[in-house]
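Could you build all of it, start to finish, from the sequences and the hints given here?
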Amino acid sequence: MAKAKVAEVTVSLDAELVVEVMALAGVSSPQDAVEAVVRDYIARGHRTEARTGHRDLTPRETGNEPREQQG
11 MAKAKVAEVT VSLDAELVVE VMALAGVSSP QDAVEAVVRD YIARGHRTEA RTGHRDLTPR
71 ETGNEPREQQ G
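If you're matching positions, the sequence shown starts at 11 in my numbering and goes up one per residue.
Since the hints were made in silico from the structure, they are not lab data.
All residues carry an ideal CB built from backbone N, CA and C; glycine is no exception.
Just so you know, not all the hints are guaranteed correct.
Claimed, not checked - Derived DEER-like restraints, expressed as beta-carbon distance ranges:
#1 K13 <-> A53: 37 to 47 Å
#2 E30 <-> R54: 15 to 25 Å
#3 A53 <-> V29: 18 to 28 Å
#4 P40 <-> V16: 35 to 45 Å
Stated by the list, open to error - Here are the simulated lysine to any residue pairs, SDA-like style, with alpha carbons at most 25 Å apart:
#5 K13 <-> E45
#6 K15 <-> A46
#7 K13 <-> V47
#8 K15 <-> R49
#9 K13 <-> D50
#10 K13 <-> A46
#11 K15 <-> A53
#12 K13 <-> I52
#13 K15 <-> A60
#14 K15 <-> D50
#15 K15 <-> E59
#16 K13 <-> L34
#17 K15 <-> G63
#18 K15 <-> L34
#19 K15 <-> Q41
#20 K15 <-> E45
#21 K13 <-> A60
#22 K13 <-> D42
#23 K15 <-> V44
#24 K15 <-> P40
#25 K13 <-> A53
#26 K13 <-> E59
#27 K13 <-> T58
#28 K13 <-> S39
#29 K15 <-> S39
#30 K15 <-> V48
Structure, rendered in structure tokens:
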């Protein structure tokens with residue numbers, strides 16, 4: 011059986027951030043480090059959904075959006 015082609019995405023990240031993730035993950039490849047973090051984040055979400063039986067479908071606030079001034 012042939013292996014399916016997986017779509018790939020290229021992302022630019024701050025080098026210091028990637029080096030820190032590489033050290034924490036104990037890997038020598040930036041690609042492997044970022045992939046490990048993404049896979050861990052997804053697995054955590056699945057574990058949370060399994061425990062709560064709830065899936066949050068609302069968009070998450072990233073903190074990068076401009077906030078409306080209140081007052």
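Results for each hint:
As the Cβ distance of K13 to A53 is approximately 22 Å, the hint placing it in 37 to 47 Å is violated. Between E30 and R54 the Cβ separation comes to about 19 Å, which falls inside the hinted range of 15 to 25 Å. Checked against the given bound of 18 to 28 Å, the beta carbons of A53 and V29, roughly 23 Å apart, stay inside it. For the pair P40 and V16, the supplied restraint of 35 to 45 Å is violated, since their beta-carbon distance comes to about 18 Å.
Pair hint K13 plus E45 holds up; C-alpha atoms about 19 Å apart against a cutoff of 25 Å. Between K15 and A46 the CA atoms are separated by roughly 20 Å; this keeps the pair inside 25 Å, and the hint holds. At roughly 24 Å between alpha-carbon atoms, K13 and V47 fall within 25 Å of each other, so this suggested pair holds. Our distance criterion of 25 Å between C-alpha atoms is met by K15 and R49, whose separation comes to about 19 Å.
Only pairs whose Cα atoms come within 25 Å are accepted, and K13 paired with D50 is accepted, the gap being roughly 24 Å. Under the criterion of a C-alpha separation no larger than 25 Å, the hint pairing K13 with A46 is consistent with the structure, at around 21 Å. For the proposed pair K15 and A53, the alpha carbon gap of about 22 Å is at most 25 Å, so the pair holds. Proximity of K13 to I52 is assessed by CA-CA distance (about 23 Å); at most 25 Å being required, the pair is judged to hold.
For the proposed pair K15 and A60, the alpha carbon gap of about 29 Å is over 25 Å, so the pair is violated. Distance hint between K15 and D50 is fulfilled; the C-alpha atoms sit about 22 Å from each other, no more than 25 Å. At most 25 Å may separate the alpha-carbon atoms for a hinted pair to count; K15 and E59 exceed this at roughly 29 Å. This hinted pair does not check out: K13 and L34 have alpha carbons roughly 31 Å apart, beyond 25 Å.
Simply put, K15 and G63 have alpha-carbon atoms about 32 Å apart, too far for the 25 Å limit, and the pair is violated. A threshold of 25 Å between alpha carbons decides the hint, and for K15 with L34 the separation of about 30 Å lies outside it, so the pair is violated. Restraint check for K15 and Q41: the C-alpha separation of about 18 Å stays at or below 25 Å, so the hint holds. The suggested pairing of K15 with E45 holds, with an alpha-carbon distance near 17 Å, which does not exceed 25 Å.
For the hint linking K13 to A60, the alpha-carbon distance of about 30 Å lies beyond 25 Å, and the restraint is violated. Our distance criterion of 25 Å between C-alpha atoms is met by K13 and D42, whose separation comes to about 20 Å. Proximity of K15 to V44 is assessed by CA-CA distance (about 20 Å); at most 25 Å being required, the pair is judged to hold. Proposed proximity of K15 and P40 is supported: the alpha carbons are some 21 Å apart, at most 25 Å.
Taking the CA atoms of K13 and A53, the gap is about 23 Å. The hint holds against a cut of 25 Å. For the proposed pair K13 and E59, the alpha carbon gap of about 30 Å is over 25 Å, so the pair is violated. Using a Cα cut-off of 25 Å, the hinted pair K13 and T58 is violated, with the two alpha carbons roughly 31 Å apart. In summary, the hint linking K13 to S39 is supported, as the alpha carbons are separated by about 23 Å, within the 25 Å threshold.
The straight-line distance between the Cα atoms of K15 and S39 is roughly 22 Å, inside the 25 Å bound, and the hint therefore holds. Distance check on the hinted pair: K15 and V48 sit about 19 Å apart at the alpha-carbon level, within 25 Å; holds.
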